[in-house]
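Chains as they are written, first to last, in the working numbering: chain A, 5 to 195; chain B, 35 to 497.
Incorrect hints may appear among the rest.
What the simulated footprint calls covered on chain A by chain B, stretch by stretch (three residues with Cβ under 8 Å from a Cβ of chain B suffice, anywhere in the stretch; the number is not a length) [stated by the list, open to error]:
hint, segment
1, 127 to 134
2, 148 to 162
3, 168 to 178
No lab work stands behind these hints: they were computed from the structure. From a predicted model like this one, the values you see are computed outputs, not experimental measurements. Built from N, CA and C at the ideal position, the CB exists for glycine as well.
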Amino acid sequence: MSGTIILVVVLVGLGLVLVIALATVAGMYNGLIRRRNEAKNAWAQIDVQLKRRHDLIPNLVNTVKGYATHEQKTLENVIAARNAAVGAGTIDDKIKAEGALTGALGRLMVVMEQYPDLKANQNFLALQEELTSTENKLGFSRQAYNDASTQYNNSLEVFPSNIIAGMFQFKPSTLFEVTNEKEREAPEVKF
Amino acid sequence: MWEAIQSNKRRSILLVSLMAALLVGLGFAIGGFIDPRRGPIGGVLGALAVWGILWWVALLQGDQILLATAGATRIEHDQAPLLFNVVDEMRIASGLEAMPEVYVMEDEVPNAFAVGRPPRRCAVAVTTGLLRLLDRDELQGVIGHEIGHLKNRDTVFMMLVGIMLGAIVLISDFFIRVRWAPRRRSRDDDSGGAQVIFMVVSILLVLLAPVLAQMIYFACSRRREYLADASSARFTRYPEGLASALEKLQVSQVRRAEVNRVLAPMYIVSPVAVASAIGLYSTHPPTQDRVRILRGMAGGAAFTDYEAAYQKIVGRGACIGQRTLAGEGAVDLRKAGPEGRSKEETVRRSREVSRMIGRLGNLIQMTCPCGVGIKVPPGASFETITCPRCGRENPVPKAGPTGIPQDAPAPSLPAPEAMRYERRESGSWESFRCACGHAIQLAPSFSAPHLQCPACGRTIEIA
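Please model the complete structure; the sequences and the hints are all you need to start from.
Okay, structure coming up:
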């Protein structure tokens, strides 16, 4: 009689342990998925901002054209860099083309400083604000992507979530490195 | 890394439990005082019901009520591009799930706050004074601080605690009224002693609970300010922006009586406390300390750098939880933004803010060729308006609230023949007739060189 009671208690205890273990595993698994999604979303943000930058440039060039007639070359460079960036296929090409575009835009912005009429133009000021902000957003979305990826990668390495990660074969996320430190900043122009 | 929420969790739970104990104790004592036998349980249930109802209202409408109390107007991107963009930038940097709504308060005292329950609905509100005062990097620091509050779920927590405080105050008030109202006294002799004890406890609690609850509430908010500062530095990678913004804000805080004390912890710098009132009653840590910590972040923008600076300046305790610090790598600082703050730039920014205020009020804005900006109230029926400086007639643009014609052409309408009126210098009211026959009254205080006949629109020179 007492034997069956002990058996029941042991079985219930084992069942409880199993349920708790399963819940823990599920929780960790969901945590990993959540972090991976955060990194993915952050990556998508970068594309959104690049697209926005490509859309803004034709507007900017059209506004500037009327004022800065002597800067035909600079404007052409910007358009060429923009078209190259839009057409870039592989990730490496993209990073290179976007870097070149950042450089061309930086030069354009420096040149614009010499045209007071342009700087008084409401349309230009609005575009300039949008462009500045898009550049910032681009930087921040890279930063957020790297933050989210680092966090995800950390949880792949630390105990105990590394066991779950190994079991379900989670792959680490690659960080976004700007290879050339100079690409990160708008280039300085010497006259 | 973003689990900064957890670092404060244990402390927060302790404080909330204390607050809840106060609330339950208050209900228990008051209930026991009203009816010693069945009252205590009823009192506790009643107190919890009051709290529950307030909480329910807060969940449904809380953020809207707060924003309405602060007199905030919602804006979209086109109404204030700079502000909207900066909020979006910080939203991206923080990885917040959804874009917060952006609100502007028409107030020349610079300040900002955040409300709401992310990810569902949240909002950031800033005053027009703040927009005028700060440059882009500084604004980014302030918005980063507010987004940090949202990201760390401070707004939800402060609402929860604020509601408890509200319930405690409400019940204490209620008791003070009921105390004098006729009540059902138990005929049972045994309960007489119990009732006295309950009465003493109730009176003590009614006096102490609101004060204690307020102290707890403020203690909660102080710690969270540091954490939001650390988050802002982490998002912007530029602690100097927030540091210099805080300095500017502190200087320009005017003591405002009309800001609700319960609302106070939500602002970036405390709008009620004077600089010297640092202690149990201040909702914010001293601004000098916050600035010094931010400036002390020499190595980088990581939470670990903030923690190191915090311990150096404040000298005791830890600000950020161990788990958050453990997951933190090196984070580089960035350079200042390209925007210099020349005088010209300041003037331009200030004008932009004024225009924005006009847009919020749906004013029609135009510029007279002589350079004077003219604002026309919405729904104005007149076709032209006389410039108060040069007397030129300007056509009122029919375009909606956003059109700001920069180079308004000189008006080409054939103005009716001008006339001239000589004042009698009598120092009292004068009246005369316009050439069209309309009677015009001149106040003794009238001093402009021109005036326009309301009937025919003719300009009348007053000599």
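Results of checking the hints against the structure:
no., hint, in the structure
1, 127 to 134, "holds (count 3)"
2, 148 to 162, "holds (count 6)"
3, 168 to 178, "violated (count 0)"
The structure fails hint 3 only (numbered hints given earlier).
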